[in-house]
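Chemist: Protein sequence lines, in the order shown, are assigned to chains A and B.
Numbered by the working numbering, the letters in the first sequence go through residues 1 to 280 in order.
Numbered by the working numbering, the letters in the second sequence go through residues 1 to 280 in order.
You may find that some hints are simply not true.
It does not matter which identical chain is used: a pair holds within one copy or between any two.
Claimed, not checked - DSS-like mimics (lysine-lysine), calculated; alpha carbons at most 25 Å apart, straight line:
1. K109 <-> K179
2. K109 <-> K3
3. K110 <-> K179
The set of hints was computed from the structure by calculation and includes no laboratory data.
2 protein chains.
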Amino acid sequence: MEKSRQFVALLLAALWLGTLSTAAVLIWVLHWRGGLAWDSGLLEFNWHPVLGTIGFIVISGFALIVYRLPWTWNFSKSLMKNIHAGLNTVTFILMVISLVAVFDFHNSKKIPNMYSLHSWIGLAAVIMHALQVALGLCIFLLPFTPVYIKAFYMSIHVFTGLFIFGMAIIAAEMGITEKLIFTLRSGSNVTLSYSQSPPEAMLVNALGIFILVYGGCIFWIATQSEWKRPPEQVKDNTSTEEAPTLNKTNVLEGSMDCDLESTPRLRQINLEDVGQRATF
Amino acid sequence: MEKSRQFVALLLAALWLGTLSTAAVLIWVLHWRGGLAWDSGLLEFNWHPVLGTIGFIVISGFALIVYRLPWTWNFSKSLMKNIHAGLNTVTFILMVISLVAVFDFHNSKKIPNMYSLHSWIGLAAVIMHALQVALGLCIFLLPFTPVYIKAFYMSIHVFTGLFIFGMAIIAAEMGITEKLIFTLRSGSNVTLSYSQSPPEAMLVNALGIFILVYGGCIFWIATQSEWKRPPEQVKDNTSTEEAPTLNKTNVLEGSMDCDLESTPRLRQINLEDVGQRATF
């Protein structure tokens, strides 16, 4: 009961921080940066932080913990896999739009692309996310993928999923830093520069903190093995024939660790459950 | 054997990336930024990235995996705890010097302190690291701390240790971004600005990638439960009397998960081993 309360508190904190992040980035671009448009100018650029925050931080973070929600434990495995894959596909689409916006803006203003550390890590994260989605779909959703491949790949999928989310947070914090320095500088059309801490800088720094703490909540929830979806509540038995080494005792003992790569150990658990545990 | 090779490969990669990061930051400040001095000017500022990289990234990252080295598994628990605490104390001292350097520089140049997101997250990380070291020393190294407090705190210590290391990486990447924008700009004493990708920018962007991938190696090693120090090889029995619920079967089965907060489960494992597992 104590642990359940902790889970609910952390989940509510994550939801609140995700909402705060979304609100802060919208206030930033709508109130201080002129709003949103698709004009190859600064208003088009503004889609980049908005979609980056909503897509790669809020939605992709929530996708990492979607299997942990106890209210979904009666849903079928296939449904949960599709929700997880769907959220990550939405993230990918939003990130492609956000990249088109920033490349359009750069090209129209003759600003070089891909020179900053933010752009290197950010684009690498989007490409890795795309590969992660593609491999995840092929391996966990195609019915004919051999179970030993699922078991081998699952631990890599889990670690890289968390790592890509970490890269997204790093890219977001660097992007905030870049944008505040470029826009709030002496000589540009602002009353106070970044170093004089105007209200815009305070709000956007706060956005950076919201993103960081949101990430902390997601990582905490995603690394607690006792909050995993219980295997015995799996309703969908479509792939039972793929579980040659099912050992009910192991499964019910809940002795699975959150080791991200231990294929030999994974083979002792319920292999039917492999796809479902892709975010643990 | 396969897993041992993976461990050695990852450890060598981490050592190589830590060395590359140290070399890159030294080349940066010595070749392009005028070197190091304690003059309240730019040369004093240069201690900030150098000590930040060596202390908060390389040393503090290595401290996270020090219990995982198989060559140390015959060393006593107390020795390993002291090595872990010692490395983190060295990190703290280096970070204090690196902060004094940057505050000195800012004050002498009348640049405001603590306005940037880098400074907010970086200082928060140093303060949290200091608290982590202090609490770790009190709880895991003082002999009279009750075992139930060690067991309760251990999982928090593990998560916050990894989270603070993540904050250090984020702060480093933002610091690199800030410094490159401030120094490589049109009008300052440089031939090419950051957006024109001069060699200095390429090297320092590469430093950011080395730091990121080093962090990835450390997180991978630190989250593999099968690479934990085996409890049965504990040589130091000084606190055997503190292990009221020792269950040899559980310990030898290696059924401990890397759940970071599951106090009830922890109480079923060898409580003597609690301090030792503080980095897992």
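Chemist: Could you figure out if K110 and K179 sit no more than 25 Å apart (CA to CA) within one copy, between two copies, both or neither?
Modeler: both (17 Å within a copy, 23 Å between copies)
Chemist: When Cα atoms must be at most 25 Å apart, do K109 and K179 count as within-copy, between-copy, both, or neither?
Modeler: This pair counts as both: shortest intra-copy Cα distance 15 Å, inter-copy 24 Å.
Chemist: My question is about K109 and K3: at a cut-off of 25 Å on alpha-carbon distance, are they close within one copy, between copies, both, or neither?
Modeler: neither (53 Å within a copy, 51 Å between copies)
This entry does not satisfy hint 2, going by the numbered hints stated previously; all others are met.
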